[in-house]
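Chemist: Single-letter residue listing:
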Amino acid sequence: MNRIAFINLSTQQVMVKDIPEELLRRYLGGDGLNAYLLFNYLPLDTDALSPDNVLIFGAGMLTGHCDVSLSRFQITAKSPETGGFGTSNAGGFFGPELRFAGFQHLVITGKARRPTYLWVHDGEIEFKDASFVWSKDVYETQQLLMAKMSNPDIQIATIGCGGENLVRFACVMHGLKRAAGRTGMGCVMGSKMLKAVVVKGSQSVNAYSPERMKDVFDKHLKQVTSTKLYPVISRYGTLTIFAIQNEGGQIPVMNHQYNYFEAAEENLEDEIFEERYKTKTLACFSCPLRCSHRYRIKYGPYQGVWGEGPEYYMMAGFGPMVGNNQWDVILAANDLINRYGLDIGSVGGYIGWLMELWQRGILTERDTGGSNLKWGNPDAIMGLINQMAHNEGLGGMVGQSASHAAEEIGKGSDRYLYQQRGLMHECSVGNRASRATALAEATTNRGYDHLRGRVALEFFGIPTEALAKIFGRPIASDFRAWEGKPYMAMWQQHFTTVIDSLGYCKFATVWPGSTGNLTYKEFAETINAVTGWDVTPQELMVTGERIWNLERMIVLRETGIGREGDIPPRVYFEPNKLEPLKGEKLDREEYEARLDEYYELRGWNKDGTPKQETLARLKLDEEPSHLI
Amino acid sequence: MNGKPMSLKTFFVQSALCSGCRLCQLVCSVAKEGIVNPELSRVFVNRIIMDGVMLPCICLNCEEPPCIPACHRKAINKDPDTGWVTIDYERCTHCQLCIPACPYGGIFLGPQKEVLMCDVCGGDPACAMACPTGALRFLSREIGTAGEHMPLS
Numbered sequence: 001m002n003r004i005a006f007i008n009l010s011t012q013q014v015m016v017k018d019i020p021e022e023l024l025r026r027y028l029g030g031d032g033l034n035a036y037l038l039f040n041y042l043p044l045d046t047d048a049l050s051p052d053n054v055l056i057f058g059a060g061m062l063t064g065h066c067d068v069s070l071s072r073f074q075i076t077a078k079s080p081e082t083g084g085f086g087t088s089n090a091g092g093f094f095g096p097e098l099r100f101a102g103f104q105h106l107v108i109t110g111k112a113r114r115p116t117y118l119w120v121h122d123g124e125i126e127f128k129d130a131s132f133v134w135s136k137d138v139y140e141t142q143q144l145l146m147a148k149m150s151n152p153d154i155q156i157a158t159i160g161c162g163g164e165n166l167v168r169f170a171c172v173m174h175g176l177k178r179a180a181g182r183t184g185m186g187c188v189m190g191s192k193m194l195k196a197v198v199v200k201g202s203q204s205v206n207a208y209s210p211e212r213m214k215d216v217f218d219k220h221l222k223q224v225t226s227t228k229l230y231p232v233i234s235r236y237g238t239l240t241i242f243a244i245q246n247e248g249g250q251i252p253v254m255n256h257q258y259n260y261f262e263a264a265e266e267n268l269e270d271e272i273f274e275e276r277y278k279t280k281t282l283a284c285f286s287c288p289l290r291c292s293h294r295y296r297i298k299y300g301p302y303q304g305v306w307g308e309g310p311e312y313y314m315m316a317g318f319g320p321m322v323g324n325n326q327w328d329v330i331l332a333a334n335d336l337i338n339r340y341g342l343d344i345g346s347v348g349g350y351i352g353w354l355m356e357l358w359q360r361g362i363l364t365e366r367d368t369g370g371s372n373l374k375w376g377n378p379d380a381i382m383g384l385i386n387q388m389a390h391n392e393g394l395g396g397m398v399g400q401s402a403s404h405a406a407e408e409i410g411k412g413s414d415r416y417l418y419q420q421r422g423l424m425h426e427c428s429v430g431n432r433a434s435r436a437t438a439l440a441e442a443t444t445n446r447g448y449d450h451l452r453g454r455v456a457l458e459f460f461g462i463p464t465e466a467l468a469k470i471f472g473r474p475i476a477s478d479f480r481a482w483e484g485k486p487y488m489a490m491w492q493q494h495f496t497t498v499i500d501s502l503g504y505c506k507f508a509t510v511w512p513g514s515t516g517n518l519t520y521k522e523f524a525e526t527i528n529a530v531t532g533w534d535v536t537p538q539e540l541m542v543t544g545e546r547i548w549n550l551e552r553m554i555v556l557r558e559t560g561i562g563r564e565g566d567i568p569p570r571v572y573f574e575p576n577k578l579e580p581l582k583g584e585k586l587d588r589e590e591y592e593a594r595l596d597e598y599y600e601l602r603g604w605n606k607d608g609t610p611k612q613e614t615l616a617r618l619k620l621d622e623e624p625s626h627l628i
Numbered sequence: 001m002n003g004k005p006m007s008l009k010t011f012f013v014q015s016a017l018c019s020g021c022r023l024c025q026l027v028c029s030v031a032k033e034g035i036v037n038p039e040l041s042r043v044f045v046n047r048i049i050m051d052g053v054m055l056p057c058i059c060l061n062c063e064e065p066p067c068i069p070a071c072h073r074k075a076i077n078k079d080p081d082t083g084w085v086t087i088d089y090e091r092c093t094h095c096q097l098c099i100p101a102c103p104y105g106g107i108f109l110g111p112q113k114e115v116l117m118c119d120v121c122g123g124d125p126a127c128a129m130a131c132p133t134g135a136l137r138f139l140s141r142e143i144g145t146a147g148e149h150m151p152l153s
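The listed protein sequences correspond, in order, to chains B and F.
So the first sequence is residues 1 to 628, counted in the working numbering.
So the second sequence is residues 1 to 153, counted in the working numbering.
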């Protein structure tokens with residue numbers, strides 16, 4: 001059932017190929033095989049909005065198989081936000097359904113002549129007219145498609161008007177809140193006039209050893225529902241992270257000016273969300289963790305607004321980042337963003353940036369069309385989101401220009417724009433006090449990325465000896481100390497890459513710092529039961545490293561940016577202004593030295609490029625190899 | 001009690017607790033077919049996505065099962081000792097008359113137009129064992145879960 005469909009929207013031709021086993025074993029699926037396909041199929045010097053850009057949907061190699069939390073799929077293309085490596089991951093039911101429909105990957109090229117959606121079902125792919133859903137929001141689009149096909153059980157990945165209007169950071173939405181958010185994959189869909197991909201399947205997914213698979217599943221289910229994390233995540237989801245980050249002085253406030261937001265105390269709390277707004281607990285396919293929630297605003301100016309989510313990311317990005325402490329505003333913005341299909345990470349970041357420009361007098365009412373961008377102003381927040389989605393006014397300009405907006409505005413505005421590789425810094429993440437996490441997130445290939453780099457185990461004061469057991473070498477217990485951290489950073493990057501390639505959700509793994517959760521050993525158990533292979537944790541670590549290096553090759557080929565893209569934004573080298581962790585920062589010289597150490601561990605040159613011998617060791621020296 | 005032993009068990013559904021994860025469907029297809037295919041499951045979660053309503057449907061082993069008289073082949077039986085209602089596939093022709101007869105939508109049609117109905121895995125149903133929220137439970141008929149509508153803490 002490991003097949004790829006090559007779909008040309010210009011010619012409406014489809015070609016289906018089996019994935020050679022050798023390729024599966026080298027790159028797995030999801031993120032890994034997507035990267036392989038992008039590197040092999042993206043023509044040189046392609047503009048991200050050109051029909052030649054290659055948009056790849058990929059279910060994880062195990063997505064839809066019998067294990068816990070195997071719901072994830074990855075979308076990959078050249079990024080219109082950065083011009084570099086575009087990739088983003090989402091959960092829900094789309095990934096498994098894609099597999100039940102008979103495909104692991106869809107490779108989409110060309111451009112449709114009119115709004116189109118793809119109908120993918122049981123090995124068939126049809127091109128359908130999407131005119132009736134063009135300009136409809138994400139919720140409406142899905143309702144209309146379900147009605148049109150008389151089937152409420154189809155799974156849909158769609159864009160809202162963000163993607164249609166080519167907002168550089170438009171995302172691809174699935175359900176009400178599941179989003180392949182970062183790097184503008186929705187913008188690529190919009191540029192291809194592809195409104196949605198609709199999947200439904202009834203094909204069976206076989207395992208090499210069903211008995212072993214069932215045993216492995218029983219064990220893993222018990223494992224992930226026995227951790228200390230489980231009762232918390234299944235009740236509050238990621239919202240519970242907010243208090244930890246804020247009270248720990250590690251949250252970005254007002255565009256990274258501060259690291260603690262006092263106004264959030266007794267306002268922005270997970271328990272308040274649960275009491276006042278939450279109406280239902282929901283989960284992705286095969287996931288016992290059920291971290292999603294439905295909500296409804298019952299009173300006040302946003303009465304009647306309902307939606308799904310938010311995550312910690314939204315809570316922080318539309319809370320402290322923009323100087324807001326009102327749950328109502330976060331929830332109303334969440335609904336708006338999800339309906340439009342915009343990336344929370346970039347939208348929150350850009351609104352925070354514009355508000356700081358207002359604070360500093362760089363922007364005035366003349367620039368904003370009369371709108372007052374003072375911190376936390378709900379009308380400004382909603383107004384900018386609306387402008388971005390519809391390409392109007394100041395927000396529209398930012399949506400169309402992304403990080404080049406600083407050139408449009410001028411007046412030194414770039415000094416307050418925190419981006420890496422052209423990607424807006426995550427609006428919910430401020431890690432200048434930590435070492436492994438800052439290094440790992442800053443050196444990720446798409447831009448600063450907690451989903452590849454957050455090293456949660458760094459923060460719990462775990463004794464050095466216990467860390468040595470996990471990482472195989474001495475690692476400093478204090479998150480502010482550097483010893484062993486470059487290795488820890490690299491380890492985590494490979495680990496998250498393998499997770500995204502297999503299709504697991506990171507919250508079922510040790511990634512959030514829950515040591516009882518799944519790790520390489522459990523991944524290998526499932527892979528071997530499903531495929532009959534003899535994969536070891538060591539092999540998977542090398543697989544993660546191979547994919548990581550291939551992604552670096554994509555970045556280098558498309559942008560030529562190596563070392564300079566691995567340096568976090570300016571604020572990371574400036575001291576925190578507030579307690580806790582007042583005065584903490586990264587030391588630039590020390591960071592550069594540790595970056596050298598990290599490159600050395602990777603077998604890379606000092607300019608952030610892999611050495612030839614490293615590529616040869618990882619069997620990457622013949623890429624692009626066109627094995628499919 | 002009508003003189004019935006306490007051990008008689010059947011399914012109880014609390015849709016308020018159901019997260020819609022479909023682990024029940026996944027493990028059912030593995031238990032019954034040795035493969036993953038939620039469409040071959042003997043339990044089905046109706047996911048009414050926009051309303052956020054998740055409704056697990058399964059054979060509830062009725063006291064007077066309407067599917068039994070609906071079947072022209074006398075292929076459906078209720079075990080007098082356990083109370084479980086099952087299909088005898090030696091007799092079943094997959095004519096589908098039982099499907100609309102079930103008032104709970106607990107009998108399903110598979111991808112090959114085969115009729116699928118729960119057999120409680122012989123008394124240890126895989127679906128209820130895998131349900132992480134308690135939305136689908138296999139309990140004594142006399143106790144059940146009626147009246148429980150709050151999430152378990």
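Be careful, since some hints might not be right.
Unchecked claim - Listed next, the in silico DMTMM-like pairs over lysine to aspartate or glutamate satisfying Cα-Cα at most 25 Å (straight line):
#	chain 1	residue 1	chain 2	residue 2
1	B	469	B	600
2	F	113	B	600
3	F	78	F	114
4	B	298	B	365
5	B	585	B	600
6	F	32	B	211
7	B	521	B	126
8	F	113	B	218
9	B	136	B	126
10	B	214	F	39
11	F	32	B	218
12	B	577	B	600
13	B	200	F	124
14	B	619	B	600
15	B	219	F	124
16	F	32	B	525
17	B	148	F	39
18	B	222	F	124
19	B	214	F	124
Keep in mind that the hints were calculated from the coordinates and are not lab data.
Chemist: Next, verify each hint and record whether it holds.
Modeler: Hints, verified against the model:
A C-alpha spacing of about 22 Å is found between residue 469 of chain B and residue 600 of chain B, which places the hinted pair at or below 25 Å, so the restraint holds. In summary, the hint linking residue 113 of chain F to residue 600 of chain B is not supported, as the alpha carbons are separated by about 60 Å, beyond the 25 Å threshold. At roughly 20 Å between alpha-carbon atoms, residue 78 of chain F and residue 114 of chain F fall within 25 Å of each other, so this suggested pair holds. A C-alpha spacing of about 33 Å is found between residue 298 of chain B and residue 365 of chain B, which places the hinted pair above 25 Å, so the restraint is violated.
Between residue 585 of chain B and residue 600 of chain B, the direct Cα distance comes to roughly 24 Å. Compliance with the 25 Å bound is thereby established for this hinted pair. Only pairs whose Cα atoms come within 25 Å are accepted, and residue 32 of chain F paired with residue 211 of chain B is accepted, the gap being roughly 12 Å. A threshold of 25 Å between alpha carbons decides the hint, and for residue 521 of chain B with residue 126 of chain B the separation of about 40 Å lies outside it, so the pair is violated. The hinted pair formed by residue 113 of chain F and residue 218 of chain B fails the criterion: a straight-line CA distance of about 30 Å is larger than 25 Å.
This hinted pair checks out: residue 136 of chain B and residue 126 of chain B have alpha carbons roughly 21 Å apart, not beyond 25 Å. About 18 Å separates the Cα atoms of residue 214 of chain B and residue 39 of chain F, which keeps this hinted pair within 25 Å; it holds. For the hint pairing residue 32 of chain F with residue 218 of chain B, the CA-to-CA distance comes to about 16 Å; that is within 25 Å, so the pair holds. This hinted pair does not check out: residue 577 of chain B and residue 600 of chain B have alpha carbons roughly 34 Å apart, beyond 25 Å.
Taking the CA atoms of residue 200 of chain B and residue 124 of chain F, the gap is about 31 Å. The hint is violated against a cut of 25 Å. With a C-alpha separation of about 19 Å, the suggested pair residue 619 of chain B and residue 600 of chain B falls inside the 25 Å cut-off, and the hint holds. Between residue 219 of chain B and residue 124 of chain F, the direct Cα distance comes to roughly 17 Å. Compliance with the 25 Å bound is thereby established for this hinted pair. About 22 Å separates the Cα atoms of residue 32 of chain F and residue 525 of chain B, which keeps this hinted pair within 25 Å; it holds.
About 21 Å separates the Cα atoms of residue 148 of chain B and residue 39 of chain F, which keeps this hinted pair within 25 Å; it holds. Note on residue 222 of chain B and residue 124 of chain F: the hinted pairing holds, with a Cα-Cα distance of about 17 Å set against a maximum of 25 Å. Under the criterion of a C-alpha separation no larger than 25 Å, the hint pairing residue 214 of chain B with residue 124 of chain F is consistent with the structure, at around 15 Å.
When held up to the earlier numbered hints, the structure conflicts with 2, 4, 7, 8, 12 and 13 and fits the remainder.
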